[in-house]
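Input sequences plus hints: build the corresponding full structure.
Residue numbers (my numbering): 3 to 132.
Possibly wrong hints are sitting among the right ones.
Okay, the calculated beta carbon distance ranges per label pair [what the hints assert, rightly or not]:
1) 47 to 112: 32 to 38 Å
2) 24 to 61: 30 to 36 Å
3) 116 to 95: 20 to 26 Å
Calculated lysine to aspartate or glutamate pairs in the EDC-like style (CA-CA distance at most 20 Å, straight line) [unchecked claim]:
4) 131 to 50
5) 10 to 69
6) 45 to 69
Simulated from the structure, these hints should not be mistaken for lab results. Beta carbons are placed, not taken as given, at the ideal position from N, Cα and C, and that holds for glycine.
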Amino acid sequence: DFIRLLDKYVSIAYLVLIGVGCIVCFSSIFFVYNNIRLVIFSKRQLIETMKLVGATPGFIRFPFIVEGVFQAFFGVLFSYGALLGINTMLKTQNVLIDFPKVQIFGLLALLSILIGVFGSILSANRFLKY
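Have a look at this one:
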């Protein structure tokens, strides 16, 4: 009975973690979306000048997508550094916690960059009028 109860709680914990992960993904897309929107609004005059000169929509859109990628990449670097620092601090206190492997962080970095690209493409397509 105890094993069944423990298995039930572990299943509930997995569902909660999946829900929290989805919320974090959507909030990341939202933050990148709003940040790119603010950058687009701050560079309105430059965008208008580029349109008057004859720049293609893709040429105007590309720097904003690259900015979303940079935001995501530096966010991953910051979080990895913070976790590495916390892990080092806990090791000095003799607390043994398994630190995830670098491959897992590589996958998370790739996922984060994809989220950054998705949010910046959504924002650029919505707020750049042609």
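Hints, verified against the model:
1. For the pair residue 47 and residue 112, the beta carbons lie near 35 Å from each other, so the given range of 32 to 38 Å is met.
2. Between residue 24 and residue 61, the C-beta spacing of about 34 Å keeps the proposed range 30 to 36 Å intact.
3. Under the hint 20 to 26 Å, the C-beta atoms of residue 116 and residue 95, about 36 Å apart, miss the expected range.
4. Of the supplied pair hints, the one linking residue 131 and residue 50 holds, its CA atoms being roughly 10 Å apart against a limit of 20 Å.
5. Between residue 10 and residue 69 the CA atoms are separated by roughly 43 Å; this puts the pair beyond 20 Å, and the hint is violated.
6. About 13 Å separates the Cα atoms of residue 45 and residue 69, which keeps this hinted pair within 20 Å; it holds.
Hint compliance for this structure: hints 3 and 5 are not met, and every other hint is.
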